[in-house]
Structures are given as C-alpha cells and as structure tokens.
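*Asks:* If you read the sequences in order, they're chains A and B.
Numbered by the numbering used here, the letters in the first sequence go through residues 1244 to 1628 in order.
Numbered by the numbering used here, the letters in the second sequence go through residues 1244 to 1628 in order.
Derived from the structure by calculation, the hints contain no laboratory data.
Be aware that a few hints might be false.
Given that identical chains are not distinguished, each listed pair holds provided it fits within a single copy or across any two copies.
[Claimed, not checked] Each computed SDA-like pair below joins lysine to any residue, with the alpha-carbon atoms no more than 25 Å apart: (1) Lys1468 / Val1385; (2) Lys1435 / Pro1256; (3) Lys1300 / Ile1379; (4) Lys1508 / Trp1311; (5) Lys1300 / Leu1390.
There are 2 protein chains.
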Amino acid sequence: MQEIAIIGIGQVPVGEHWGKRLVELAGDAIFAALEDAELTQVEALYVGNMMAGQLDKQSHLGALISDWIGMRGIEAMTVEAACGSGALALRTAMMAVGSGIVTSALAVGVEKMTDTSPLETTSALATAASADWESIHGVTFVGLNALIMRRYMYEYGWKHEDFALFSINAHANGAKNPNARFQTPITADVYKKAVMIADPINLMDASPIGDGAAAVIVVPADLVKGRKGKSNIRIAGSSVSTDSLAVHDRQDPLWLSAAEKSAKKAYDQAGIGPEEIDFFEVHDAFTIMSALSLEACGFAERGQGPRLALDGEITPEGKIPITTMGGLKARGHPVGATGMYQIVESVTQLRGEAGPAQIDGVKVGMTQNIGGSGATIITHILKTD
Amino acid sequence: MQEIAIIGIGQVPVGEHWGKRLVELAGDAIFAALEDAELTQVEALYVGNMMAGQLDKQSHLGALISDWIGMRGIEAMTVEAACGSGALALRTAMMAVGSGIVTSALAVGVEKMTDTSPLETTSALATAASADWESIHGVTFVGLNALIMRRYMYEYGWKHEDFALFSINAHANGAKNPNARFQTPITADVYKKAVMIADPINLMDASPIGDGAAAVIVVPADLVKGRKGKSNIRIAGSSVSTDSLAVHDRQDPLWLSAAEKSAKKAYDQAGIGPEEIDFFEVHDAFTIMSALSLEACGFAERGQGPRLALDGEITPEGKIPITTMGGLKARGHPVGATGMYQIVESVTQLRGEAGPAQIDGVKVGMTQNIGGSGATIITHILKTD
Chain A
1244 MQEIAIIGIG QVPVGEHWGK RLVELAGDAI FAALEDAELT QVEALYVGNM
1294 MAGQLDKQSH LGALISDWIG MRGIEAMTVE AACGSGALAL RTAMMAVGSG
1344 IVTSALAVGV EKMTDTSPLE TTSALATAAS ADWESIHGVT FVGLNALIMR
1394 RYMYEYGWKH EDFALFSINA HANGAKNPNA RFQTPITADV YKKAVMIADP
1444 INLMDASPIG DGAAAVIVVP ADLVKGRKGK SNIRIAGSSV STDSLAVHDR
1494 QDPLWLSAAE KSAKKAYDQA GIGPEEIDFF EVHDAFTIMS ALSLEACGFA
1544 ERGQGPRLAL DGEITPEGKI PITTMGGLKA RGHPVGATGM YQIVESVTQL
1594 RGEAGPAQID GVKVGMTQNI GGSGATIITH ILKTD
Chain B
1244 MQEIAIIGIG QVPVGEHWGK RLVELAGDAI FAALEDAELT QVEALYVGNM
1294 MAGQLDKQSH LGALISDWIG MRGIEAMTVE AACGSGALAL RTAMMAVGSG
1344 IVTSALAVGV EKMTDTSPLE TTSALATAAS ADWESIHGVT FVGLNALIMR
1394 RYMYEYGWKH EDFALFSINA HANGAKNPNA RFQTPITADV YKKAVMIADP
1444 INLMDASPIG DGAAAVIVVP ADLVKGRKGK SNIRIAGSSV STDSLAVHDR
1494 QDPLWLSAAE KSAKKAYDQA GIGPEEIDFF EVHDAFTIMS ALSLEACGFA
1544 ERGQGPRLAL DGEITPEGKI PITTMGGLKA RGHPVGATGM YQIVESVTQL
1594 RGEAGPAQID GVKVGMTQNI GGSGATIITH ILKTD
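Produce the entire structure from the sequences given, and follow the hints as far as they go.
*Replies:* As structure tokens, then:
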C-alpha cells in the first residue's frame, strides 16, 4: 500500500457540551482540521462512533455529518468497535486512500455522552462487553476492570498505591493541555483518598466520560512529498487485532493478546521495535490498562508495568512517556472519539506544537486504542523526519 | 485499485429466528460462505449491522463474530449507514483487499429484529432518519415514504394500483427463492385489498423486517485468475454517495440524487451504461423506492418508473429484471443484512445457480442498497465472463 500522510488535525475540548449537538461537535473538529490542512473539500468521510444510536437516537452519522459540513454527496459511513471506534475511522480512511478509491479522506471520532442519565450511559457502554456472558449479569466496565486489576495485584504482588503514578502523570500532562477535560494536577494523597468505585478501582484509577470530537485528514504521502513541517506526518504502522469479547474466555485475562499482536504488526510495518518509540499514547481507561498495554507492547516485562511508572519512565522525561496530553484519565474518554484524540495529540507532538506539554525531539509516536476490555485493539505508529 | 473477486457466498433464510442469537445467524452465513469458497480462514472481517446496540444490547460485533467463527485475533469491525450497512461491509472488505493490507476478507451483513417489541424495533429503525427534523416528530420510515409516494402520485399522475406490479413481481420471484421470507405469489387483488399502513402505502407496498445474515468472501481477482465458474465473479463497479438525511431538505424529494451519483460512478468504473445491466437488485423497501431507483439509475425517465413495471419490463423476461430473488418485499428486509443479500443473490444469478429463479444468460448485475430514505446509497456492479 502507498504511504499515507496526515495533513490536517482538529479537535474540540473534551467536556460537557450542553449547548452543542453531536453533529456540531463533529463539525467543529472537522472545520478545524480542514483549516489546518488548508482544504475546503475531501472525497470521503469515515466516522468513529459507538453510541449515537443508543444515546442520541441517531444512527446514520456519515450522511448526517457530510451534509452538516457542506459536503453533501460524498462517500460516508460509520465504523465501530466500541471504545476502539475512533482509531478505526483513521484505519478506514487509510484503506480508502490506500486502495486508490479516493485521494483525500476525513476521519472523525465523535461521542456525546453527557445529555443522558448515568444509567443510560452506563448501559450503553456495557454493550461493548459480552451481552451473553458479562453485561447480562450486571457487570459494568469498571467492574470488569476491577476483576482484572484485583487478579493482577494478587498474581504479581502489587499494591493499589503502585498504580498511583499512572494517574498522577496523566493529570500532570493534562494540566498542560487546553483541550483536556481535567486540567488540574493531582497528588499521591488525592489518588489514595479518592472514592472507591469498584474495589480496587477508585475514582483516580478511572477515566471520565465526556462529549468530544477529533478529526484528521489523510492523503497519499506522495501528494505532499517534500513539504516540511505540518504536512510531514506519515502513518508508518497501522494494525487491528481482536480477542474474546468476554474476559473469562481469554487464554490469560492478564495479558492483552490483541495488543501484543497489533503492536507487533505495526512494529514490523514501521521496521522498528519498542525501543525506537519516542512516546506512547496508551488507552488508560483504567490504570490497570496502562500497565497491561506497556507489557503487551514490549515496554515492560510481564507483570512489571507498574515498575516503569515507579521508576519515573512514563513521564515526559522518562524512557517511554505515555498519555502525554493527559490520556483518557485527564483529557477524558468520549468513547468513540478517544482513539482519534490519541492520533491528533500524537500529530501535535510530532509537529512540535504541543506547547507546555511538548516532549523534546520526538520523531516516532505510537497510539493504541482499545475496544471493550481488550477485545479490539488498534495500534498506529506515526513518524516525522 | 486491483480488481476484486467474490469467491464465496453464504446466507440464512430470512425469517423469525427465535432459536438463534445474532452471532449464530452471522456464523451460519459465514460458515456457508467459507465452505462455498473452500476456505477455513480469512484475514479480516467487516460486519454490516445497524441496530444490535439498540435491540440486542450488543455493540462490538467484529470481535464477537470473529471469535465465534473460530478466527479470534483477526482484524474486525462494524460498518454502518442505517439500511445501507450491508453493502458497506462489502465496500470496506474491497478497500481492505484493494489497499493490500489483507489478501482475503469476509463481509457479513446481519440483523436480528424480531426478538423485540414492534415499538422498540420501529424506534430503532427511526434512528436512520434525522432525529432533529424527522423522528423527533414521530415520523416513522413508512410515514416518510408515504409522504414521498403521495407527492409522486400527485406530480406525475399515477394511481396507487400503478405500483402493484412492483409488489407482484417481487412476490412471484420470492416464491422461487428458498431463502425468502415470503414464498407465496400475490395477485392484483391481494395488492389492492391489503391493509393500509400509511396512506398511500399499504401492506403490499412495504417490505417486511426479519432476522437474517448473508456473507461473501473477497480476494484479489489475480489470485483466482483463469478459474472458471464459481470463483469468476468480479466487482466491476462500487460506489457510495450521500444526500441530506431529512427528506424535506433535499433539492427534490422525488429524485434520489445519491442513487444517480452512485450509479454514475459505478457505470464509469465498469465502463458501461444502464443498457448493459442484465438485472438490477433494487432496494424496494417500499414500491415507491423501486420507481425512484429505476429513474435515478437511468432505466426510466423522471416520473416514469411505474411505466416500466406496467410494460412488463421488470419481470425475469423483461428488459431490466429487478428483485430477481424476491427483493426486500418478499425475501425480506433484515436491515443491516439486506445489502449483503442483494450481493449474494446477484452472485447466485451470475453463477447460474438461482434454480427456478434463474434469469437466462446474465453476465452483468447491479445492486443498490439504500440507507434511510435515500441519504446513503451504495451501488455495486458485478460481472462474470
């Protein structure tokens, strides 16, 4: 496949956007991406979204958003793999451009989650898990992750406080990101005293939901060859792997096998290994997920994810900075948009436009977007010269 | 893009499958397609589905179905544009193979609609329309189509009975298809006396919902070059276009502009015009939609769709046979699966395997899958030597 370049990015701050409909959030992110790319038209639109049918009573977002952004008539569709929907929008846009059916495509991730009751939102989120084996019993997402975290602590001998730095680092980084939902650093004491949600997961282990939208524009890299700066961000690796939807049915519930497979394929495509990744946008829906992702992708030994955090290696100054703009924990987790925020933030870092959150000298960034509790995992590796 | 071949097809009969979960229906169609292609593994799975999140409380079908069919780990995702989701699964599989990221892909369309109350199903279906302008006022899909049909009759001077042959032809063809939901021919009298649903649409103008799944397997055409018979079905044209979601906002509510655009692109790709199409699987969710599709795709003059039917040209012996295996009206309309049934049926015709429903000497078939009341339209042209 021909190489693909990302030439425009846009986002809205994650938050409670009471005054904006879903289509307006998507539109705002897209208009920003178009302005950034200095374009007014593209040939196709791929929308990452999980819950609009359930929460907004609106399916069929492709045609709706195309029309709203003034591009009535273009090819458009929605793609979905629960919380992994955002990165799939990029994946699909890449396939469309890569196959030659279009030469420019928009990918937008969008979700509106705060206009409905917490019960409705929690129920809609639970459709990402197995209806037959998990959600039918009333298990929520935080409940499933609590089971995983509890078992992990038991198997590898970690204490709850050993996960604190995942949360502290995310909030410290989010404080430097004007688009983050939470922009206040937290202390170890705040982490320790946070209200328990599903033991051992407390409020500071869990990412907040939110309304949000983020978008990118992709074209064949050849089209922008020789251009410096903004346009010079290429997709060096892109891969999707799956696993059992139900956690109990996995070979090892403490090992993200889809993350391992997906990362390996992306490394192979990029011709590099984990040691060459300058920063890593992990899917820290819960602190335990950060640990498991770091292990499955080769940054830590099995069971040793928290060690990286305790050694200070996940901060902007560390060996493998993660959640550099706040991650799901502080930037927020508007489900179907999250994967696209990871991409937009990585491009921002690679362009050197991350302001106070900028990590020096980064050339290669990796993002990993997770659907469900590890059943669909999408890895992208982005590069600049 | 390299040429793509369809080398396997599978389906389950459309009906009320009380004894099978959604994942089982999808699996049964996929297993049939694998057996047909003499394969046991593919590299990716694209699922067309609209309502599982709402009706089955199960999103994230890609990973779920991959696991169920014994392919845990492969790339998978759901694609959606309301009732157009089925054809989009093929479109996405084609992009995946066409871009070279995989060399074999499964596309399945699946929907389970009869385990829920009619109110729940009707509400879920209404999410295909504009939530802000249409469904919020209580307009259902049949209601929207009734408004279109009424206006059409007024503008062009047609009577209700002038649409009868669309329904009669579909039921006559469905009677020869063992996978059709309704396998009984109807008479003009049955059509005339059918119960009114939303004036002027009566029960015989409207397609029935149902549970169903259909699947195809695609590979690069080069891979099966020289093979005769079953494997020798190629995608000669594939195109998606969109329009305003809300009917009132279209330039002309009686003209399917997305069908015109989508068909034109597909004709151009195939290097042919409507006169070279041997049969046409239209999206006859309602009889009025058959008329509008035939006009937009160049088979009839504007406002003259019913004339084709009255002249006997849409039957298996006519100039442009439509709904050759029963169409949505008689085969049934399991929403997210419908577009894939159209593809599977077209392949069946092109292979000469349609049994009593076979149309003689067909070499080029066209399918058109419609999302909403015309907001997303996907056209495919399939060819054999």
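*Asks:* For every hint, state whether the structure bears it out.
*Replies:* For each hint, the structure was consulted:
1. Lys1468 / Val1385: Classified as neither: same-chain Cα gap 45 Å, cross-chain 51 Å, threshold 25 Å.
2. Lys1435 / Pro1256: Intra 28 Å, inter 57 Å, cutoff 25 Å: neither.
3. Lys1300 / Ile1379: both (22 Å within a copy, 9 Å between copies)
4. Lys1508 / Trp1311: Between copies only: 23 Å across chains, 37 Å inside a chain, cut-off 25 Å.
5. Lys1300 / Leu1390: Answer is between; shortest inter-copy Cα gap is 22 Å, intra-copy 32 Å.
Of the numbered hints given earlier, the model fails hints 1 and 2; all others are met.
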